[in-house]
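If you're matching them up, the sequences are chains W and G in order. Just so it is clear: in the first sequence, position 111 is 111 by the numbering used here, and no numbers are missing. Just so it is clear: in the second sequence, position 67 is 67 by the numbering used here, and no numbers are missing.
You may find that some hints are simply not true.
Simulated restraints, written as ranges between beta carbons of each label pair [as the list claims (entries may be wrong)]: (1) E20(W) x R72(G): 41 to 49 Å; (2) D18(W) x Q56(G): 44 to 52 Å; (3) L96(W) x K73(G): 22 to 30 Å; (4) Q41(W) x A18(G): 45 to 53 Å; (5) V12(W) x R97(G): 25 to 33 Å; (6) Q80(W) x S74(G): 39 to 47 Å; (7) P61(W) x D55(G): 19 to 27 Å; (8) G71(W) x S80(G): 41 to 49 Å; (9) S58(W) x G43(G): 40 to 48 Å; (10) Q56(G) x Q83(W): 43 to 51 Å; (11) F12(G) x P8(W): 29 to 37 Å.
Derived from the structure by calculation, the hints contain no laboratory data. C-beta atoms are modelled at their ideal positions from N, C-alpha and C, and glycine is treated no differently.
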Amino acid sequence: GAGVSQSPSNKVTEKGKDVELRCDPISGHTALYWYRQRLGQGLEFLIYFQGNSAPDKSGLPSDRFSAERTGESVSTLTIQRTQQEDSAVYLCASSLFREDNGYTFGSGTRLTVV
Amino acid sequence: AQKITQTQPGMFVQEKEAVTLDCTYDTSDPSYGLFWYKQPSSGEMIFLIYQGSYDQQNATEGRYSLNFQKARKSANLVISASQLGDSAMYFCAMRERNNNDMRFGAGTRLTVKP
Numbered sequence: 001g002a003g004v005s006q007s008p009s010n011k012v013t014e015k016g017k018d019v020e021l022r023c024d025p026i027s028g029h030t031a032l033y034w035y036r037q038r039l040g041q042g043l044e045f046l047i048y049f050q051g052n053s054a055p056d057k058s059g060l061p062s063d064r065f066s067a068e069r070t071g072e073s074v075s076t077l078t079i080q081r082t083q084q085e086d087s088a089v090y091l092c093a094s095s096l097f098r099e100d101n102g103y104t105f106g107s108g109t110r111l112t113v114v
Numbered sequence: 001a002q003k004i005t006q007t008q009p010g011m012f013v014q015e016k017e018a019v020t021l022d023c024t025y026d027t028s029d030p031s032y033g034l035f036w037y038k039q040p041s042s043g044e045m046i047f048l049i050y051q052g053s054y055d056q057q058n059a060t061e062g063r064y065s066l067n068f069q070k071a072r073k074s075a076n077l078v079i080s081a082s083q084l085g086d087s088a089m090y091f092c093a094m095r096e097r098n099n100n101d102m103r104f105g106a107g108t109r110l111t112v113k114p
């Protein structure tokens, strides 16, 4: 597609429920990133995928968070047993694997845990 | 560990004037890239400009220029001839050559006054 597509754009869920967030990167972009942005704050790195290599999960805050990506296609970020502290905007970005490439970000999923 | 510092939570500038947004960084890696992003109220992250650690000249992109002072570990963004549409959050970010993730500062909220 023309840009990075994320769905849903907004999600309200009850505490304790599981949620799945989807990211569809730009076609041909080998790298895919997930970030979390709490209200009024900067971006917090969560996870990075590069082609078929093992993902860099060093930013995942707890074992309730997981993400998958098949090849260079869609990625899903799953949060199990959601907590109120998980409320944030979750941003996905993709890029060509080049040192001077900025990322192209999606519009994000605003997650609210009530 | 890499660290990005943006010391100005908020800045005001008069329309048509220039403004400088500060960014300092800390890294022990001699090879790294510096990035600036704009985040309007719509929430999308827009890549503005890139500076490589080995670049001899300051990067420029239209009305954006990056004042890169390597010895001071400073990468300030200069916006010339400010426009009302420049009002947004601005994030400085850095990616080390050997790291997968891009680290972001806390951001500066720029408001352009008519």
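Going through the hints against the structure:
1. E20(W) x R72(G): 41 to 49 Å: Holds, at about 45 Å.
2. D18(W) x Q56(G): 44 to 52 Å: holds (51 Å)
3. L96(W) x K73(G): 22 to 30 Å: 27 Å Cβ-Cβ, so the 22 to 30 Å window holds.
4. Q41(W) x A18(G): 45 to 53 Å: Given range 45 to 53 Å: violated, Cβ gap about 27 Å.
5. V12(W) x R97(G): 25 to 33 Å: violated (41 Å)
6. Q80(W) x S74(G): 39 to 47 Å: Holds: the Cβ-Cβ distance is about 42 Å, inside 39 to 47 Å.
7. P61(W) x D55(G): 19 to 27 Å: violated (35 Å)
8. G71(W) x S80(G): 41 to 49 Å: This hint holds: roughly 43 Å between Cβ atoms.
9. S58(W) x G43(G): 40 to 48 Å: violated (25 Å)
10. Q56(G) x Q83(W): 43 to 51 Å: holds (49 Å)
11. F12(G) x P8(W): 29 to 37 Å: holds (36 Å)
Hint compliance for this structure: hints 4, 5, 7, 9 are not met, and every other hint is.
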